[in-house]
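Protein chains: 4
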Amino acid sequence: VSEAGAALSWPDLAGRIVAGEGGRRHLLPIRVYYEDTDFSGFVYHASYLRFIERGRSDFLRLAGVHHRELLAGTGGTKPCAFVVRRMSLDFLKPARIDELLEVETRVDTITQATFELRQTVRRDATVVFAATVQVVLVSLDGRPQRLPGSVRDAITAG
Amino acid sequence: VSEAGAALSWPDLAGRIVAGEGGRRHLLPIRVYYEDTDFSGFVYHASYLRFIERGRSDFLRLAGVHHRELLAGTGGTKPCAFVVRRMSLDFLKPARIDELLEVETRVDTITQATFELRQTVRRDATVVFAATVQVVLVSLDGRPQRLPGSVRDAITAG
Amino acid sequence: VSEAGAALSWPDLAGRIVAGEGGRRHLLPIRVYYEDTDFSGFVYHASYLRFIERGRSDFLRLAGVHHRELLAGTGGTKPCAFVVRRMSLDFLKPARIDELLEVETRVDTITQATFELRQTVRRDATVVFAATVQVVLVSLDGRPQRLPGSVRDAITAG
Amino acid sequence: VSEAGAALSWPDLAGRIVAGEGGRRHLLPIRVYYEDTDFSGFVYHASYLRFIERGRSDFLRLAGVHHRELLAGTGGTKPCAFVVRRMSLDFLKPARIDELLEVETRVDTITQATFELRQTVRRDATVVFAATVQVVLVSLDGRPQRLPGSVRDAITAG
Chain C
1 VSEAGAALSW PDLAGRIVAG EGGRRHLLPI RVYYEDTDFS GFVYHASYLR
51 FIERGRSDFL RLAGVHHREL LAGTGGTKPC AFVVRRMSLD FLKPARIDEL
101 LEVETRVDTI TQATFELRQT VRRDATVVFA ATVQVVLVSL DGRPQRLPGS
151 VRDAITAG
Chain D
1 VSEAGAALSW PDLAGRIVAG EGGRRHLLPI RVYYEDTDFS GFVYHASYLR
51 FIERGRSDFL RLAGVHHREL LAGTGGTKPC AFVVRRMSLD FLKPARIDEL
101 LEVETRVDTI TQATFELRQT VRRDATVVFA ATVQVVLVSL DGRPQRLPGS
151 VRDAITAG
Chain B
1 VSEAGAALSW PDLAGRIVAG EGGRRHLLPI RVYYEDTDFS GFVYHASYLR
51 FIERGRSDFL RLAGVHHREL LAGTGGTKPC AFVVRRMSLD FLKPARIDEL
101 LEVETRVDTI TQATFELRQT VRRDATVVFA ATVQVVLVSL DGRPQRLPGS
151 VRDAITAG
Chain X
1 VSEAGAALSW PDLAGRIVAG EGGRRHLLPI RVYYEDTDFS GFVYHASYLR
51 FIERGRSDFL RLAGVHHREL LAGTGGTKPC AFVVRRMSLD FLKPARIDEL
101 LEVETRVDTI TQATFELRQT VRRDATVVFA ATVQVVLVSL DGRPQRLPGS
151 VRDAITAG
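Residue numbers (this note's numbering), protein chains in the order written: chain C, 1 to 158; chain D, 1 to 158; chain B, 1 to 158; chain X, 1 to 158.
Hints were generated in silico from the structure; no laboratory data involved. Hints may contain errors.
Simulated restraints on C-beta separations [stated by the list, open to error]: (1) C:GLY22 to D:ASP12: 21 to 27 angstroms; (2) X:GLY76 to D:GLN112: 38 to 44 angstroms; (3) D:ARG146 to B:LEU92: 16 to 22 angstroms; (4) B:ILE110 to D:ARG24: 40 to 46 angstroms.
Simulated pairs of lysine to any residue, SDA-like, Cα-Cα distance not exceeding 20 angstroms [as the list claims (entries may be wrong)]: (5) C:LYS93 to X:VAL83; (6) B:LYS93 to D:ARG146; (7) B:LYS93 to B:THR120; (8) C:LYS78 to C:SER150; (9) D:LYS93 to B:SER88; (10) C:LYS93 to X:THR114; (11) X:LYS78 to X:GLN112; (12) B:LYS78 to B:HIS66; (13) X:LYS78 to X:PRO148; (14) C:LYS93 to B:GLU35; (15) X:LYS78 to X:ARG68; (16) D:LYS93 to D:PRO29; (17) X:LYS93 to C:PRO144; (18) C:LYS93 to X:LEU140; (19) B:LYS93 to D:SER139; (20) X:LYS78 to X:HIS66.
Ideal Cβ placement from N, Cα and C applies to all residues, glycine included.
Put together the whole structure using the sequences plus the hints.
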């Protein structure tokens, strides 16, 4: 109840899933804070991995998939968690403190045990970072798990 | 212009300054992501420092004080940046992945060169973390600077 | 066996416990990397919490207390983890990229359920950061646990 | 002088450059701390980017290239900093708190403005993470700079 109340107060906290010309995609705004920068004056390169992980988490959240339920094993699966298996990253432009960025997340492909996302970070129309991300669901002993039907449906809006 | 456009699309991205019974204060929602947790299952203790720094930055942003302008030395001061001089921290309750937290920031006292804030992090009505934070404006050679009048006015709302 | 081998190859990786005029204390070297700095050019303030947490972990490691064993509940206790309950922090001098710092950790006081440490970060003879840290052992439901005798002995050197 | 003194006290702090069967490479030990893990119990995926950045920085340090000198523009170049342009990452095995890992860094190719590294993170003989990293030297307005001869020589060992 109070979560619902909070969600009303901050309606866009998890970004938005939008449909349209380019297909279904998730958008999340990111503000660049002190913590995200380094002494060069630019955004620290590993901060983009944190930004796009927030995009993935909030995409899944809005689609109805919750990390804590997966870890608790509710839904009939073993306790498990999403892990990243592979990434290709392009650092295209520098970004700086105080800037407003936007993470876009799209599902590219989905197989029995993995899904692949295309994620970009933009400042207005400029793409500053682009990534291809392969995600696997693993049990707590590290073994890949078949994606539950509910997770597949949520991801593909199937 | 595009910043203004983005600000319209994500109206609450920097939280809100609210007035009322308890006095003027800034509220910022924080979602707990993977990056904020550690192997214990709880939020990593140093993550709270990142959370409340975002609260301070967004309070100052909404009040009209921008890190990049200070660093560029616009406004007639030497290039400078806010640094934390002293903190007292109370870690009161654990928080966990996916939870929605709220940072509250209030100005406690202000002197010629420093200001002191009282910051709390809450999950609904429960305070999970509380801090007293003394902030100083320093030039890039590390010397404390007198707070410009515009900064003082912004912080105290005149 | 291979851990032992690795420990031989990198003998000082966990720093050193030294005794002497000032009493028993643990020393850990810290190199300042990109990740530790922010756009101001200085070390990001929350990075010091990571530095001193490494100092605490390596002090406990050399004293024979291991996080993973505590979490696994070996040694007859419930699964538990150390959490920080309270901290007082003084940010005294700026530090910068590439600098070599040293974390010093001393036990101040110890009670049935908590211990308090005094930790400083120095660059040569200059103290750049100082902290008082109160640590509690909690079970995974967040309840404070009595410190096991073996942990007390390790911390106080018997 | 005091840096030299400290370097004597902690001789392996920046790891080691070794030659041999597999060619010239840099090795750096990494201890997994609280800060590196997430609620899944494993090392947080973005932590590997911090680990290999330390490997790159210490490889360059031992080879005689220092971030701060580049940023200060000593050596006849504009003030500049290394930035990552592209990365391919494979997350092969989970790693956990308290484990001892080792980052290996090798130079793959070098061109006028970029160099490419092959970096792996191992726990004993097991490769847990592998990356290909393309690095560019940029001036502070973000423009790629020709690698100075001294930097080229340092990277390739002449």
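### Task
Mind listing which of the numbered hints don't hold for this structure, in increasing order?
The structure conflicts with no hint, since it agrees with every one listed earlier.
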